[in-house]
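Number of protein chains: 2
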Amino acid sequence: MINKLVAKIKITKAPIVVGLDPMLSYVPEHIQKKAFAEYGETLEGAAEAIWQYNKEIIDHIWDLIPAVKPQIAMYEQFGIEGLKAFQKTVDYCHEKDLVVIGDVKRGDIGSTSAAYAVGHLGRVQIGSKSYTGFNEDFATVNPYLGSDGIKPFIDVCKEEKKGLFILVKTSNPSSGEFQDRLIDGRPLYEYVGEQVAEWGSGHMGDSYSYIGAVVGATYPEEGKILRKVMPKSFILVPGYGAQGGKGADLVHYFNEDGLGAIVNSSRGIIAAYKQEQYAGFGGEHFAEASRQAVEDMIADIDGALQAAK
Amino acid sequence: MINKLVAKIKITKAPIVVGLDPMLSYVPEHIQKKAFAEYGETLEGAAEAIWQYNKEIIDHIWDLIPAVKPQIAMYEQFGIEGLKAFQKTVDYCHEKDLVVIGDVKRGDIGSTSAAYAVGHLGRVQIGSKSYTGFNEDFATVNPYLGSDGIKPFIDVCKEEKKGLFILVKTSNPSSGEFQDRLIDGRPLYEYVGEQVAEWGSGHMGDSYSYIGAVVGATYPEEGKILRKVMPKSFILVPGYGAQGGKGADLVHYFNEDGLGAIVNSSRGIIAAYKQEQYAGFGGEHFAEASRQAVEDMIADIDGALQAAK
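The listed protein sequences derive, respectively, from chains A and B.
Per numbering that gives the first Met the number 0, the first sequence starts with residue 0, numbered consecutively.
Per numbering that gives the first Met the number 0, the second sequence starts with residue 0, numbered consecutively.
This is chain A alone, in the form it adopts within the complex:
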């Protein structure tokens, strides 16, 4: 799957991923109204609204981008009905041949991590048959529990040709509380990055490992260091746009081959029509605003990469 991700980035010339993190407040009124008219102001109605919203966005942007990253929390908040919308979204993105990164940030130990891995990336055995659960292509995972928590995910990835992005340095303001603590003069995130590089070294695609890392766009200095600590790991970079990251900050997350990183924007794309810059599209044409925002993001990052050459 890492090879497919790299190939699609080369074809689209877009090292970006769109975060499908729908808040109900992002969904334009006409879509909410229609969903509530059909299902009422219920969990089902909300799930229908975010699914229709996602679908229209995907229909407008799928040809521009290699990958999407649905954030499962935004669906999980609506319980079972929300998770059905998550599953529909994953399946629909696969129909459009998009790589799907499940932003699930799961992490546990042993058989429990194995169960998460099976549910999100693998197949569960039931008697003589086997089934996929949510069937994403990559999943984000949390490293706090150590190798026991990560290895069951890696095993499933190896078998299913899937991949991981392991949290190393997250984009939020308080990420330093634990991640920046100094151990023999070096921050914890560097140790985690080294471990990601080690986990990844035995699990390579053609040019990159399928065990990648998450490093926030909001910490470009740290990104520069971590790029070197994990030369063969793809870096998933959240925090672009709404969280404050800009293309020019991100050039050091990439290797000299112009690859090695994929930059996420969520709200900045899916709720573009709510920004002043794209307000002209209006709520009815929200998905066209998203397409424009994707094109602008690609230009910003491409411009920064060209300028850095």
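Honestly, I wouldn't trust all of these hints.
Any copy will do: because identical chains look the same in the list, a pair fits if it lies in one copy or spans two.
Below 27 Å or equal to it, Euclidean Cα-Cα: the simulated DSS-like pairs (lysine-lysine) are [what the hints assert, rightly or not]: (1) Lys-87 x Lys-7; (2) Lys-54 x Lys-83; (3) Lys-3 x Lys-160; (4) Lys-83 x Lys-128; (5) Lys-150 x Lys-54; (6) Lys-160 x Lys-32; (7) Lys-128 x Lys-33; (8) Lys-308 x Lys-227; (9) Lys-223 x Lys-273; (10) Lys-128 x Lys-54; (11) Lys-308 x Lys-95; (12) Lys-33 x Lys-160; (13) Lys-160 x Lys-128; (14) Lys-231 x Lys-32; (15) Lys-33 x Lys-95; (16) Lys-32 x Lys-7; (17) Lys-157 x Lys-33; (18) Lys-128 x Lys-273; (19) Lys-128 x Lys-87; (20) Lys-12 x Lys-223; (21) Lys-32 x Lys-128; (22) Lys-157 x Lys-128.
Treat the hints as calculated values from the structure; they're not laboratory data.
Guided by the hints, dock chain B onto chain A, whose structure is given.
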């Protein structure tokens, strides 16, 4: 909810929690056969099997214990159908007035953590109405992302009178890879424990905070230290039984009031009938074996606490 947990521990004289972590391989053949006859060897069939298995165990042990801890990964591996079984299990435990600790180990930032908190502990607003998602009483959360990740959970807990158990020192063999790293001569888990105590200090029930911690039974020395670092935090202690922890190891997880900790056993209770000690019950009477295992666990821990007085 922390007051209810404390009250129920006092009434049952059982500072224990039973982990409802059903693997399909634990479910006795007669239950699997019946479920598969009705639904086929499908995700639905597997979900029905684990639900019936859970229900029979709960029916046999609910009066002995204060709380249960369903591990969501074991349900999530069966996709939507598995999560329906999770929800049914939570609801059924509430019918039996059990405190439900959702072992979900979620953790993200800002609005994403808020969405998880709403989905598991709170209510989601849809138009003029609001709904619960999975509606557990406590949730386990991962601290790697720092305060930004934890505070949205705390806010929901405060509003809904729910609670958290934050991972501090986990029970698995490799938990030390990051958690034991020394920062100015003290391990990371101590800093996390201090932070838990701080988060908890502003969020108190009558005698304990509703912001608790997870400290594995397999690290009794660390447990002893962490008990002092977090005097007002309830400690959820996994790793008893199948993972190697014994009652005598656990006395220092408790305060002098005999409270402050709740010890989890999962496989050791729910799959007791598979152990030599309880094999006499047989698969047909698996839930009676679970009841016996609960009684033995209570006696072990109570004996250890009495001996330590």
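Going through the hints against the structure:
no., hint, verdict
1, Lys-87 x Lys-7, "within (22 Å within a copy, 42 Å between copies)"
2, Lys-54 x Lys-83, "both (14 Å within a copy, 25 Å between copies)"
3, Lys-3 x Lys-160, "within (10 Å within a copy, 47 Å between copies)"
4, Lys-83 x Lys-128, "both (22 Å within a copy, 20 Å between copies)"
5, Lys-150 x Lys-54, "neither (34 Å within a copy, 32 Å between copies)"
6, Lys-160 x Lys-32, "neither (41 Å within a copy, 33 Å between copies)"
7, Lys-128 x Lys-33, "between (39 Å within a copy, 17 Å between copies)"
8, Lys-308 x Lys-227, "within (18 Å within a copy, 55 Å between copies)"
9, Lys-223 x Lys-273, "neither (33 Å within a copy, 52 Å between copies)"
10, Lys-128 x Lys-54, "between (31 Å within a copy, 25 Å between copies)"
11, Lys-308 x Lys-95, "neither (33 Å within a copy, 66 Å between copies)"
12, Lys-33 x Lys-160, "neither (40 Å within a copy, 35 Å between copies)"
13, Lys-160 x Lys-128, "within (20 Å within a copy, 43 Å between copies)"
14, Lys-231 x Lys-32, "neither (47 Å within a copy, 48 Å between copies)"
15, Lys-33 x Lys-95, "within (25 Å within a copy, 40 Å between copies)"
16, Lys-32 x Lys-7, "neither (36 Å within a copy, 45 Å between copies)"
17, Lys-157 x Lys-33, "neither (43 Å within a copy, 35 Å between copies)"
18, Lys-128 x Lys-273, "between (47 Å within a copy, 24 Å between copies)"
19, Lys-128 x Lys-87, "both (22 Å within a copy, 25 Å between copies)"
20, Lys-12 x Lys-223, "within (22 Å within a copy, 55 Å between copies)"
21, Lys-32 x Lys-128, "between (41 Å within a copy, 14 Å between copies)"
22, Lys-157 x Lys-128, "within (20 Å within a copy, 45 Å between copies)"
Hint check: violations occur at hints 5, 6, 9, 11, 12, 14, 16, 17; the rest are consistent with the structure.
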